[in-house]
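Given the structure of chain A, go ahead and fit chains B, C and D onto it with the hints provided.
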Amino acid sequence: MDWSISPDWPGNFWLRLIIIAVILIAFVMSSVIMFIWMERRVIARIQSRLGPNRAGPFGLLQAFADTIKILTKEDIVPTLADKVLFWAAPAIAFVPTLMIMAVIPLMNGLQLADLNVGVLYIAAISAVSAIGIFLSGIAGNNKYSLVGAIREIAQLISFEIPMVLALAGLVIACGSMSLSKIVEAQSIPFILLQPLGFVIFMVAILAEINRTPFDLVEADSELTCGFNTEYSGMKFALLYLTEYSEAVVGSALITAFFLGAWRGPILPGILWFTIKMFAVFMFILWLRGTLPRLRIDQSMRLAWKGLLPLSMFNLFIVSLQTVFFPDLALWISIPAYIIISVIIIILWAMFMRKERQSSNA
Amino acid sequence: MEIDRILSAEIESRESAGIEALRAASQHPIPDPDGWLDEQIKRNMLFTTVDAALNWARKTSLWPVTAFTACCTFEFIGASSARFDIARFGMEVLRASPRQADLLVCAGTLTWKMAPQIKRLYDQMAEPKWVIAMGACAISGGIFCDSYSVVPGYNRIVPVDVYIPGCPPRPETLLAGIETLRHKIEKESISKPR
Amino acid sequence: MALPTEPFILNIGPLHPSTHGVFRMRVTLDGEIIQDVEPVFGYLHRGLEKLCEKYTYKQNIPLTDRLDYVSAINNNWPYVMAVEQLGGIVVPQRAEYLRVIMGELQRIASHLLAVGSLMNDMGIFYTAFMYMFREREKIIDLLEMVSGQRLLYNYMRFGGVSMDIPTEFLPALARFLKVMPGFLDEYDSMLTGNEILLSRTKGIGVMSSEMAINASASGPMLRGSGVKWDLRKDAAYSVYDKFEFDIPIGQNGDCYDRYRVRMEEMRQSLRIIHQAVEQMPAGKEKLPVPLRLRPAKGEVYTQIEAPRGTLGCYLVSDGTEKPYRCHFRAPALINLTVLRNLLIGQKLADAIIIFGSIDISMGEVDR
Amino acid sequence: MTTTIDYKDLAVRLQEQFGEGFTASTDCLEVPPNLVAKAAEYIKNMLDFNYFDMVTAADYPDRFELIYRLQSLSHNVLATFKVICSRENPSVPSLANLWLGASLQEREIYDLFGIEFSGHPNLKRIVLWDDFEGYPLRKDFKGKVYGTAN
Numbered sequence: 001m002d003w004s005i006s007p008d009w010p011g012n013f014w015l016r017l018i019i020i021a022v023i024l025i026a027f028v029m030s031s032v033i034m035f036i037w038m039e040r041r042v043i044a045r046i047q048s049r050l051g052p053n054r055a056g057p058f059g060l061l062q063a064f065a066d067t068i069k070i071l072t073k074e075d076i077v078p079t080l081a082d083k084v085l086f087w088a089a090p091a092i093a094f095v096p097t098l099m100i101m102a103v104i105p106l107m108n109g110l111q112l113a114d115l116n117v118g119v120l121y122i123a124a125i126s127a128v129s130a131i132g133i134f135l136s137g138i139a140g141n142n143k144y145s146l147v148g149a150i151r152e153i154a155q156l157i158s159f160e161i162p163m164v165l166a167l168a169g170l171v172i173a174c175g176s177m178s179l180s181k182i183v184e185a186q187s188i189p190f191i192l193l194q195p196l197g198f199v200i201f202m203v204a205i206l207a208e209i210n211r212t213p214f215d216l217v218e219a220d221s222e223l224t225c226g227f228n229t230e231y232s233g234m235k236f237a238l239l240y241l242t243e244y245s246e247a248v249v250g251s252a253l254i255t256a257f258f259l260g261a262w263r264g265p266i267l268p269g270i271l272w273f274t275i276k277m278f279a280v281f282m283f284i285l286w287l288r289g290t291l292p293r294l295r296i297d298q299s300m301r302l303a304w305k306g307l308l309p310l311s312m313f314n315l316f317i318v319s320l321q322t323v324f325f326p327d328l329a330l331w332i333s334i335p336a337y338i339i340i341s342v343i344i345i346i347l348w349a350m351f352m353r354k355e356r357q358s359s360n361a
Numbered sequence: 001m002e003i004d005r006i007l008s009a010e011i012e013s014r015e016s017a018g019i020e021a022l023r024a025a026s027q028h029p030i031p032d033p034d035g036w037l038d039e040q041i042k043r044n045m046l047f048t049t050v051d052a053a054l055n056w057a058r059k060t061s062l063w064p065v066t067a068f069t070a071c072c073t074f075e076f077i078g079a080s081s082a083r084f085d086i087a088r089f090g091m092e093v094l095r096a097s098p099r100q101a102d103l104l105v106c107a108g109t110l111t112w113k114m115a116p117q118i119k120r121l122y123d124q125m126a127e128p129k130w131v132i133a134m135g136a137c138a139i140s141g142g143i144f145c146d147s148y149s150v151v152p153g154y155n156r157i158v159p160v161d162v163y164i165p166g167c168p169p170r171p172e173t174l175l176a177g178i179e180t181l182r183h184k185i186e187k188e189s190i191s192k193p194r
Numbered sequence: 001m002a003l004p005t006e007p008f009i010l011n012i013g014p015l016h017p018s019t020h021g022v023f024r025m026r027v028t029l030d031g032e033i034i035q036d037v038e039p040v041f042g043y044l045h046r047g048l049e050k051l052c053e054k055y056t057y058k059q060n061i062p063l064t065d066r067l068d069y070v071s072a073i074n075n076n077w078p079y080v081m082a083v084e085q086l087g088g089i090v091v092p093q094r095a096e097y098l099r100v101i102m103g104e105l106q107r108i109a110s111h112l113l114a115v116g117s118l119m120n121d122m123g124i125f126y127t128a129f130m131y132m133f134r135e136r137e138k139i140i141d142l143l144e145m146v147s148g149q150r151l152l153y154n155y156m157r158f159g160g161v162s163m164d165i166p167t168e169f170l171p172a173l174a175r176f177l178k179v180m181p182g183f184l185d186e187y188d189s190m191l192t193g194n195e196i197l198l199s200r201t202k203g204i205g206v207m208s209s210e211m212a213i214n215a216s217a218s219g220p221m222l223r224g225s226g227v228k229w230d231l232r233k234d235a236a237y238s239v240y241d242k243f244e245f246d247i248p249i250g251q252n253g254d255c256y257d258r259y260r261v262r263m264e265e266m267r268q269s270l271r272i273i274h275q276a277v278e279q280m281p282a283g284k285e286k287l288p289v290p291l292r293l294r295p296a297k298g299e300v301y302t303q304i305e306a307p308r309g310t311l312g313c314y315l316v317s318d319g320t321e322k323p324y325r326c327h328f329r330a331p332a333l334i335n336l337t338v339l340r341n342l343l344i345g346q347k348l349a350d351a352i353i354i355f356g357s358i359d360i361s362m363g364e365v366d367r
Numbered sequence: 001m002t003t004t005i006d007y008k009d010l011a012v013r014l015q016e017q018f019g020e021g022f023t024a025s026t027d028c029l030e031v032p033p034n035l036v037a038k039a040a041e042y043i044k045n046m047l048d049f050n051y052f053d054m055v056t057a058a059d060y061p062d063r064f065e066l067i068y069r070l071q072s073l074s075h076n077v078l079a080t081f082k083v084i085c086s087r088e089n090p091s092v093p094s095l096a097n098l099w100l101g102a103s104l105q106e107r108e109i110y111d112l113f114g115i116e117f118s119g120h121p122n123l124k125r126i127v128l129w130d131d132f133e134g135y136p137l138r139k140d141f142k143g144k145v146y147g148t149a150n
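Protein chains in written order, with my numbering: chain A, 1 to 361; chain B, 1 to 194; chain C, 1 to 367; chain D, 1 to 150.
For the record, the hints were derived by calculation from the structure and aren't laboratory data.
Careful, some of the hints might be misleading.
Unchecked claim - Keeping only pairs whose Cα atoms sit at most 25 Å apart, straight-line, the calculated SDA-like set for lysine to any residue is:
{"#": "1", "chain 1": "C", "residue 1": "228", "chain 2": "C", "residue 2": "245"}
{"#": "2", "chain 1": "D", "residue 1": "139", "chain 2": "C", "residue 2": "299"}
{"#": "3", "chain 1": "C", "residue 1": "228", "chain 2": "C", "residue 2": "247"}
{"#": "4", "chain 1": "A", "residue 1": "305", "chain 2": "C", "residue 2": "33"}
{"#": "5", "chain 1": "B", "residue 1": "119", "chain 2": "A", "residue 2": "141"}
{"#": "6", "chain 1": "C", "residue 1": "347", "chain 2": "C", "residue 2": "208"}
{"#": "7", "chain 1": "C", "residue 1": "58", "chain 2": "C", "residue 2": "245"}
{"#": "8", "chain 1": "B", "residue 1": "184", "chain 2": "A", "residue 2": "53"}
{"#": "9", "chain 1": "D", "residue 1": "82", "chain 2": "D", "residue 2": "24"}
{"#": "10", "chain 1": "C", "residue 1": "233", "chain 2": "D", "residue 2": "72"}
{"#": "11", "chain 1": "C", "residue 1": "297", "chain 2": "D", "residue 2": "72"}
{"#": "12", "chain 1": "D", "residue 1": "82", "chain 2": "C", "residue 2": "49"}
{"#": "13", "chain 1": "C", "residue 1": "178", "chain 2": "A", "residue 2": "48"}
{"#": "14", "chain 1": "A", "residue 1": "143", "chain 2": "C", "residue 2": "340"}
{"#": "15", "chain 1": "D", "residue 1": "44", "chain 2": "C", "residue 2": "33"}
{"#": "16", "chain 1": "B", "residue 1": "119", "chain 2": "A", "residue 2": "48"}
Extracted from the complex, chain A is given alone in its bound form (with noise of 0.2 Å):
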């Protein structure tokens, strides 16, 4: 059962990219609202509580009550802030996001743009989102989210690079950087073949959607609210909703590179692509809800010290294995992979221990 769309399914070219651009933002806006109707049912069942549940059957309309109460709140612009910077930075903050959902392909065939550097569209996007959020941490004109702002910027830049180094190892096993050429390699899903760039693509997204343990640009107990403090009304609904489409795209990303998109026996594709999604944002909400936050100087430290080197190995075993042994039994190569990246991951981080301890002894 192979479910796809030929590519030039409806016939007109433009008709194809208005119905693949509404069924994109329709996924993404759906799921955002699943995603905070499970962000509250789930974080709520591990903290032993119930959880939203008087709106509706199991609470299901609770985001639609948020977003109606939320749309149509006074919304204030503090006099001292900078009006066009206030008024432009939560759009900055949410297009991106929207925009990275343009490569990934949802269904065999269902991709509104095929991009051969998709890979490359996607590192340089996802930076233009965290932008946006630095905007509307400085133009509030409030101190708490000046600082939230500024590390805001601080962990973009540090978790850059492990997360394009990462994204290259999978270009190099598979030779092209066109995500459909990707989700095609990927027969047996890349988490298997190449666990080590799973593992940093993972952290380092967690840092760029701001998730725990990474959370210190909306610090709530540290800095009230990070960026967010001077919103109220339709402003701040785009900065709650780019919160949560960011996590989508994250999901989405995750599940996109590493799980094997729409690949499964015998469902849809589309089915398999929002399960996989579901379960990632399950694994994120499971760590909010259980880790605590590490201090700014930490998450730079861990990525400066820790993902680049890990990056870098990564890159150097794949690019190896690519040219020596490019055909190598599967038993073989995925438990070698595996042990490989498992000593050198202890080694790093006794290594980055030792370096810690010397350096503040």
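The following block gives chains B, C and D in isolation, referenced to the frame of chain A:
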């Protein structure tokens, strides 16, 4: 840091002047916003579906910002913890910033030194906002009403919608108070002033 | 040419999610490093000591409940002991045991809340706090069974306690004592080995024992720095000399040690309650004391080991039925003297953790 | 058990050092206001009283009474000083330079009683705001305590 010493002294004197001004200005309680009461009696309430939808949304997602002052704080935390879960009514998101919150829960004794902060917090909240005065100290100063530094009741500083008696009120009483506030929100209408 | 930067003043103000009440720190920040801290008190100053002079002796007992509202029963104890010493009232043995049991239960509840809100400051999104509050609710049920109130109990009287324990209290307490060590192990497994928690608390906010003694810290703050000083052993008030329990102390006085000391003290309190329940004699739980008690003229100072430190009560009576002067030594206020020395030079994120590990309750700080 | 120091022997020793003025009563040692700092420094250095437990004040019709409780944690010994100062311009030397723990407690007494602590590093109101007129814990305070709205 010398500049800090002068700066903090200057900040200190400006703040204490603000406290004295507020203390002089608020000798009489602010009338409660109960415009919706006589509306109901007059029975000419025109209820549109827009009102119903808006009131339902505002009722089910009341995000509290808490003026955590004294003992009632821990009964409010008890109410939002695992046993009496306030999150069931959609009130779980404890927004620390007043801009996004729409319910100010005044839990605990208000002193004159704290009054300007509560006034500023109320003014910063975005418009459809409600206030719950929780506990005897919030209603009338309670056991400390005779003290030289206690404001006899939050309604001197901010207009209060629902008063919850008790010292501290049990979480069930708090949930009943929130239920009365939700009934009140159901009856509001965009066309009428609050 | 170095980039010209200037420090900016940030108000970790009275209404902040992690200041445990209305406490304000005017912090001068250079980037994320703290240059200067100016604590501002008084946002919950209700003039309690002036009101004590207005009410009679018995009317003051509910006032003392509102001092440190997180461990309310322990506040009555020094005040009631002071009046008993002045009035020459000897407390029956059963009442002493009841006070010890309720005091230790309240200590566990207060430590649960202290450690829970410390985890909140560290970023565990309310999870550890909710678990510990679930256990605190069990203790609140026990105390409600005894005194009828959930948070401020008004439980102790001169010459004993207000009511004897109902019949179903002891089986409920036995169930709680059987279940609680399991929960404490659950917290240990979730929190103590957590790599991020270790990196956030080990070596942060280090207070040497000399600085702790010089800054007259008391309670888990003092014991966290390695000073073995606990009034239950050293001043041996009430019937504490009949129980054997040990005093946990930390090695290098950082946030992690204070967290360990509080977790360990909860286990010791369980041991004390076990022994107290076994040795509790039958008999009267309260001596009949006249309502308008007029204790003898004179002054007295009594102190107990409250969860936050040495809670003392200095009472002066002039023979009438109202106290002439009643002062409470607030351990939380005195523990804050060392805040400025601990915070300068630390980062903003660490300052919140250090402040959380000091564990104050504003009712006691501002009185 | 916390043993209290032998006040008579302490009074004799302090008399040799700083001259007249020390009278030992049953449970405390009366110290003249101007000698408090020297006596406290002596007791801290010589007898290893390293813990400043508490200081509090009481307002009597003709005098202010300050009660200091100093402890030595290592030997578990307690010493209580009582200082009598006049009501006109009450001033006592501050012990904040000897023990860090004394600073906030002395600020609180200054705030609520109006007793000056000379030599205190940061003596200003701790719990009340600067424009608050009068000192509330004095017996002659005309605040709102007894129902008189001010």
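Against the structure, the hints come out as follows:
1. C:228 - C:245: Distance ~13 Å between residue 228 (chain C) and residue 245 (chain C) Cα, so the pair holds.
2. D:139 - C:299: holds, 17 Å
3. C:228 - C:247: With a Cα-Cα distance of about 7 Å, the restraint between residue 228 (chain C) and residue 247 (chain C) holds, given a limit of 25 Å.
4. A:305 - C:33: Given that 25 Å is the threshold and the Cα spacing comes to 22 Å, the pair holds.
5. B:119 - A:141: This hinted pair holds, its Cα atoms lying about 21 Å apart.
6. C:347 - C:208: The given pair, whose Cα atoms are some 20 Å apart, holds under the 25 Å limit.
7. C:58 - C:245: violated, 33 Å
8. B:184 - A:53: Given that 25 Å is the threshold and the Cα spacing comes to 21 Å, the pair holds.
9. D:82 - D:24: holds, 10 Å
10. C:233 - D:72: The given pair, whose Cα atoms are some 15 Å apart, holds under the 25 Å limit.
11. C:297 - D:72: violated, 30 Å
12. D:82 - C:49: holds, 20 Å
13. C:178 - A:48: Roughly 21 Å between the alpha carbons, so the hint for residue 178 (chain C) and residue 48 (chain A) holds.
14. A:143 - C:340: holds, 21 Å
15. D:44 - C:33: violated, 36 Å
16. B:119 - A:48: violated, 36 Å
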